[in-house]
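Chemist: Chains as they are written, first to last, in my numbering: chain A, 1 to 444; chain B, 1 to 444.
Just so you know, these hints were derived from the structure itself, not from any lab.
Treat each hint with caution, since some may be false.
Since the list gives no way to pick one copy over another, a pair counts as held whenever it fits inside one copy or between any two copies.
Lysine to aspartate or glutamate pairs mimicking EDC-like chemistry, simulated, CA-CA at most 16 Å apart [claimed, not checked]:
1. LYS71 to GLU363
2. LYS297 to GLU403
3. LYS383 to GLU363
4. LYS232 to GLU273
5. LYS297 to ASP405
6. LYS113 to GLU141
7. LYS71 to GLU120
Protein chains: 2
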Amino acid sequence: MSKFKFKEVPGAVVAAQGFLASGVFCDIKRLGTGKGSNKGQKRDLALIVSEVPASVAGMFTTNQICAAPVKVCAERVQGGVAQAIVVNSGNANACTGKQGMKDAREMTALLSKQLHIPDEKILVGSTGRIGVNLPMPNVREGILAAAQLLGDDAAHADEAVEAIMTSDTRPKKIAIEFKLGGKTVRMGGMCKGAGMIQPGMSATGARPAALPQGLHATMLCFITTDAAIEAKTLHACLQEAVANSFNRITVDGDMSTNDTVLVLANGLAGNEEIRSQKSEVRTFQAALQHVTLELAKMIVRDGEGVHRVVTVRVEGAKTIQDADAAARAVANSALVKTSWHGGDPNWGRIIDALGYSPATVVEDKVDIGYSAPGSRKVLWSLKRGQPTKATFKELCAATAPKEFDLHIRLNLGQACALMYAADLTEAYVDYNKGDVTDPTTLGG
Amino acid sequence: MSKFKFKEVPGAVVAAQGFLASGVFCDIKRLGTGKGSNKGQKRDLALIVSEVPASVAGMFTTNQICAAPVKVCAERVQGGVAQAIVVNSGNANACTGKQGMKDAREMTALLSKQLHIPDEKILVGSTGRIGVNLPMPNVREGILAAAQLLGDDAAHADEAVEAIMTSDTRPKKIAIEFKLGGKTVRMGGMCKGAGMIQPGMSATGARPAALPQGLHATMLCFITTDAAIEAKTLHACLQEAVANSFNRITVDGDMSTNDTVLVLANGLAGNEEIRSQKSEVRTFQAALQHVTLELAKMIVRDGEGVHRVVTVRVEGAKTIQDADAAARAVANSALVKTSWHGGDPNWGRIIDALGYSPATVVEDKVDIGYSAPGSRKVLWSLKRGQPTKATFKELCAATAPKEFDLHIRLNLGQACALMYAADLTEAYVDYNKGDVTDPTTLGG
Numbered sequence: 001m002s003k004f005k006f007k008e009v010p011g012a013v014v015a016a017q018g019f020l021a022s023g024v025f026c027d028i029k030r031l032g033t034g035k036g037s038n039k040g041q042k043r044d045l046a047l048i049v050s051e052v053p054a055s056v057a058g059m060f061t062t063n064q065i066c067a068a069p070v071k072v073c074a075e076r077v078q079g080g081v082a083q084a085i086v087v088n089s090g091n092a093n094a095c096t097g098k099q100g101m102k103d104a105r106e107m108t109a110l111l112s113k114q115l116h117i118p119d120e121k122i123l124v125g126s127t128g129r130i131g132v133n134l135p136m137p138n139v140r141e142g143i144l145a146a147a148q149l150l151g152d153d154a155a156h157a158d159e160a161v162e163a164i165m166t167s168d169t170r171p172k173k174i175a176i177e178f179k180l181g182g183k184t185v186r187m188g189g190m191c192k193g194a195g196m197i198q199p200g201m202s203a204t205g206a207r208p209a210a211l212p213q214g215l216h217a218t219m220l221c222f223i224t225t226d227a228a229i230e231a232k233t234l235h236a237c238l239q240e241a242v243a244n245s246f247n248r249i250t251v252d253g254d255m256s257t258n259d260t261v262l263v264l265a266n267g268l269a270g271n272e273e274i275r276s277q278k279s280e281v282r283t284f285q286a287a288l289q290h291v292t293l294e295l296a297k298m299i300v301r302d303g304e305g306v307h308r309v310v311t312v313r314v315e316g317a318k319t320i321q322d323a324d325a326a327a328r329a330v331a332n333s334a335l336v337k338t339s340w341h342g343g344d345p346n347w348g349r350i351i352d353a354l355g356y357s358p359a360t361v362v363e364d365k366v367d368i369g370y371s372a373p374g375s376r377k378v379l380w381s382l383k384r385g386q387p388t389k390a391t392f393k394e395l396c397a398a399t400a401p402k403e404f405d406l407h408i409r410l411n412l413g414q415a416c417a418l419m420y421a422a423d424l425t426e427a428y429v430d431y432n433k434g435d436v437t438d439p440t441t442l443g444g
Numbered sequence: 001m002s003k004f005k006f007k008e009v010p011g012a013v014v015a016a017q018g019f020l021a022s023g024v025f026c027d028i029k030r031l032g033t034g035k036g037s038n039k040g041q042k043r044d045l046a047l048i049v050s051e052v053p054a055s056v057a058g059m060f061t062t063n064q065i066c067a068a069p070v071k072v073c074a075e076r077v078q079g080g081v082a083q084a085i086v087v088n089s090g091n092a093n094a095c096t097g098k099q100g101m102k103d104a105r106e107m108t109a110l111l112s113k114q115l116h117i118p119d120e121k122i123l124v125g126s127t128g129r130i131g132v133n134l135p136m137p138n139v140r141e142g143i144l145a146a147a148q149l150l151g152d153d154a155a156h157a158d159e160a161v162e163a164i165m166t167s168d169t170r171p172k173k174i175a176i177e178f179k180l181g182g183k184t185v186r187m188g189g190m191c192k193g194a195g196m197i198q199p200g201m202s203a204t205g206a207r208p209a210a211l212p213q214g215l216h217a218t219m220l221c222f223i224t225t226d227a228a229i230e231a232k233t234l235h236a237c238l239q240e241a242v243a244n245s246f247n248r249i250t251v252d253g254d255m256s257t258n259d260t261v262l263v264l265a266n267g268l269a270g271n272e273e274i275r276s277q278k279s280e281v282r283t284f285q286a287a288l289q290h291v292t293l294e295l296a297k298m299i300v301r302d303g304e305g306v307h308r309v310v311t312v313r314v315e316g317a318k319t320i321q322d323a324d325a326a327a328r329a330v331a332n333s334a335l336v337k338t339s340w341h342g343g344d345p346n347w348g349r350i351i352d353a354l355g356y357s358p359a360t361v362v363e364d365k366v367d368i369g370y371s372a373p374g375s376r377k378v379l380w381s382l383k384r385g386q387p388t389k390a391t392f393k394e395l396c397a398a399t400a401p402k403e404f405d406l407h408i409r410l411n412l413g414q415a416c417a418l419m420y421a422a423d424l425t426e427a428y429v430d431y432n433k434g435d436v437t438d439p440t441t442l443g444g
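Required output: the full structure, derived from the provided sequences and hints.
Modeler: In C-alpha cells:
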C-alpha cells in the first residue's frame with residue numbers, strides 16, 4: 001500500500017471513462033402525501049450509468065430485516081455484470097412487503113426501457129424512512145426525467161450525490177487517477193450516511209455463522225472505475241476493502257436494513273483484465289481501499305450531530321474477535337461517547353466498557369492513551385491499570401481536538417482492531433427525536 | 001404471587017425490627033481536592049446496621065473490571081452472616097489498585113472498631129467516579145460521625161438514602177409489611193442509580209460461560225428484613241428476584257464496575273427460620289420480588305435525563321436467549337430511544353433493531369404494538385410485518401404517555417423476555433458530557 005501512487009481528480013462517479021450520472025427532484029420524501037414542507041426541494045433520485053456493460057461486485061447489510069432493493073441487488077450482482085444503478089432517497093422501501101419488491105423491480109424495468117439496457121443488468125438502492133411504500137407516481141416521473149438528463153461532467157455527478165443524501169449535511173465524494181498495467185485508470189465514488197450507522201455487510205446479505213458482537217446505517221456507496229477487472233476478483237477486492245472501511249465505522253451502533261456498496265468496473269481504461277493472480281490486483285486493491293476508507297471516514301465526520309471523531313485502536317487482544325468486541329464496546333458506549341462530546345478524558349468509562357465487553361480484559365494489564373490522528377506519539381492516561389502522571393489538563397488537551405486517536409492496549413495477546421467512531425451529542429438526539437407534528441422531520 | 005398480600009409502611013431500611021441507619025456529609029465528591037462547588041453539600045456516607053447478626057446474600061456486577069468494595073463484599077457474603085454496611089457516594093473506588101482494596105478494608109475495619117462488630121461481618125459499597133482514590137481523611141471522619149448518629153426512625157433512613165445518591169434526582173426507597181409463618185414481617189429497601197445502568201449481576205461477580213448479549217449502572221441496593229431465613233435460601237430467593245428486576249433494566253446500556261445488591265435478614269420477627277423446602281419461601285420470594293422490582297423501576301423512571309419509560313415485552317421468540325437479545329437490542333438502540341423521546345411511533349427503527357440483534361427474526365412474522373402499562377389492550381402498528389390500519393395519530397397517542405408498554409411478538413416460538421427501558425434525551429447527553437472546567441460536574 002505504501003507504494004500506491006495516485007492523484008485526486010474531480011468528477012466523482014463520472015471521473016472514470018464511460019460513466020454518466022444525473023440527479024433529479026421528484027418529491028419522494030413527502031411520502032406522496034403532499035403534506036409538510038419540501039425543505040428546499042433537495043434532489044431525491046439519482047442514476048449512474050456505464051456506456052458499456054461492467055463487472056460488478058456488491059456487499060449488503062446483514063440485518064435480517066432487509067429492504068426490497070437490497071434483495072434485488074444481492075441477487076443480480078451474482079451475475080457479475082451490470083450497467084446502471086437507480087437510487088432514491090426519502091424512502092427506504094424496507095418492510096414494504098410484496099409491493100416493495102414489485103416497486104423495486106418496476107424502478108429497474110422502467111430504466112431498462114428508457115436506456116435499452118437489459119433489466120437484470122440494472123441495480124437499485126433506496127434510503128429513508130422504513131415501512132412506507134414508495135410514492136411510485138413520483139418515482140416513475142423521476143426516473144423518466146433523470147434518464148433524459150444524464151451527463152458525464154462533474155456537475156452531473158454532483159447532482160447525483162445530492163440526490164442520495166438524507167440527513168447528510170454535505171456531499172461525500174472522491175475520485176482518483178492511478179497507473180494500472182501501464183494504463184491510466186480512474187476510480188470514483190460517492191456515498192451517503194449519517195445515522196443508523198454501524199454497517200456489517202457481507203456479499204450476500206446472509207449473516208455469518210458467528211455474528212460479531214454489535215455488528216450493527218443506512219449507508220449507500222457507489223463506486224465506478226474504468227479498470228478492466230474480472231467480476232470474481234473485483235468481488236474479493238471489495239470484500240477486503242469493506243472489511244477495513246465501512247464495516248469499521250459506527251455513528252450510533254444501529255445497523256440499517258439498506259446498507260449497500262456497489263462497484264462497477266467497465267474496462268474502458270484498456271488495461272489487461274485483472275484476475276486474481278496478477279500483481280495488478282494489489283494496486284487495484286490499494287485504490288479501492290483508499291476510496292472506500294476515505295468515503296467511510298466522511299460518513300463518520302458528517303454523522304448526525306457529530307462534533308468529534310475518535311479512532312479507537314485496540315491492540316494486544318487475545319483474539320481478533322476480542323479486539324473487535326473491545327473496540328465496538330468502547331465505540332458504542334453512550335457514556336464514553338458523551339464524555340468525548342464533553343472533552344472529558346474519562347478513562348473510567350472506557351475501562352468500564354472494556355470490562356463488560358465480551359473480550360477478555362484484565363484490569364492491571366490495560367493501557368489507555370491519546371494521540372493526534374495517525375500519530376504514534378501517545379499520551380498515556382493509564383498504564384497497566386494505574387493512572388499515569390499525565391495531568392487532567394494535559395489529558396483534556398489531548399481530547400479537545402475535533403479528531404483524535406484513542407489507544408487501548410489490552411496486553412494479553414497480539415490481535416488488533418480499530419473502529420472509526422463519533423461522540424454522542426444533544427444535536428443527535430434532537431435530530432432523531434423529530435417532530436411528530438411534521439412527518440417530514442421524522443428520520444429513517 | 002397473586003395471593004401475596006402486603007401493606008406499604010414507612011421507614012425504608014429501618015422499617016424492619018432491629019435495623020439502624022445514618023447518613024452524613026464528609027465531602028467525598030470533591031475528590032479531596034477542595035476544588036469546585038459542593039452543590040448543596042449532599043450527604044455522601046451511609047450506614048445500615050442490624051442490632052444482631054443477620055443472614056446475608058449479595059449479587060454483584062459481572063463486569064470484569066470490578067471495584068474494590070465489590071471484591072470485598074463478594075468474598076464476605078460467602079460466610080452467610082453480616083451485620084453492617086458502610087457505603088459512600090461520590091467516588092466508586094474502582095480501578096484504584098492495591099490502595100483501593102486497602103481503603104475498602106479500612107472502611108470496614110474502622111466501623112468494626114466503632115460498633116464492636118467483627119470486621120468480616122461488615123460489608124462495603126461505593127459509587128461515583130471511577131479511577132480516583134478515596135479521600136480517606138474525609139471517609140474516616142464520615143464513618144466516625146455516622147456511627148455516632150445511628151437511629152431507627154424514618155428520618156435516619158432518609159438520611160442514609162440521600163447519602164447514596166449520585167445523579168439520582170430523588171430518593172428510591174420502599175418498605176412493606178406482610179405475614180410470614182404466622183408472624184408480622186417487614187422488609188425495606190433503598191437503592192440508587194440513574195446512569196451507567198444495565199446491570200448484569202451474578203452471585204460471585206463471575207461471568208456466566210455464555211454472556212447474554214448486551215449485559216451491560218452503578219446501581220446499589222440494600223434490603224433489610226426481620227424475617228428469619230437461612231442464608232442459602234435467602235441467596236436463592238435473591239438470585240430469582242434480581243433476574244426479574246435489576247437485571248431487566250437499562251438506562252444507557254452501560255454496565256457498571258460497582259453494581260451491588262445486598263440483603264440482610266436478622267430474624268427478629270420471630271418466624272420459624274425459612275429453609276428451601278418450606279412453603280413460606282414462596283411468600284418471602286414474593287415480598288423480595290415486589291421490593292426489588294419496585295426499586296428497579298424507580299431507577300429507570302429517575303434515569304439520567306429520562307422523559308419516558310417503556311416496558312419492552314418480547315413474546316414468541318425461538319429461545320429465551322433470543323427473547324432476551326431481541327428485547328435488549330430494542331431497549332438499547334439509540335434510534336429507537338430517540339424516537340421514544342420524540343413520541344414517534346417509528347416501528348421501522350424497532351424492526352431494524354430486531355433484525356440486527358442476534359435473535360432469529362423473520363420480517364413477515366413480526367407484530368409490534370403499544371398498550372398502557374400492564375394492559376393487554378394492545379394497539380398494533382404492525383401485524384405479520386405489515387402496517388395495520390392504525391393511524392399515525394392513534395399511534396402517536398399510544399406513545400405520548402410518560403410510560404407505555406411496547407409489545408413485540410416474533411411468532412417463532414414460545415419464549416418471552418421483557419426489559420424496563422428509557423428514552424434517550426438531550427438532558428442525558430448534557431448531564432454526561434459534564435464540564436471539564438469544573439471536575440465536580442464529571443460523572444462516574
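Chemist: Within a copy, between copies, both or neither: which one fits LYS383 and GLU363 at a CA-CA cutoff of 16 Å?
Modeler: Close inside one copy (10 Å), not across copies (47 Å); limit 16 Å.
Chemist: Taking 16 Å as the upper bound on the Cα-Cα distance, should LYS113 and GLU141 be classified as within, between, both, or neither?
Modeler: within (14 Å within a copy, 85 Å between copies)
Chemist: Treating 16 Å as the Cα threshold, decide for LYS71 and GLU120: within, between, both or neither.
Modeler: Cα proximity of LYS71 and GLU120: one copy only (13 Å, versus 63 Å across).
Chemist: From the Cα coordinates, with 16 Å as the cut-off, is the pair LYS297 and ASP405 best called within, between, both, or neither?
Modeler: within (13 Å within a copy, 38 Å between copies)
Chemist: When no copy is named, should LYS71 and GLU363 be tagged within, between, both, or neither for a Cα gap of at most 16 Å?
Modeler: This pair counts as between: shortest inter-copy Cα distance 13 Å, intra-copy 45 Å.
Chemist: Given a CA cutoff of 16 Å, do LYS232 and GLU273 count as a within-copy pair, a between-copy pair, both, or neither?
Modeler: within (12 Å within a copy, 73 Å between copies)
Chemist: How would you classify LYS297 and GLU403 at a CA-CA limit of 16 Å: within, between, both, or neither?
Modeler: Result: close within a single copy only, 11 Å intra versus 38 Å inter.
Taken one by one, the earlier hints all hold for this structure without exception.
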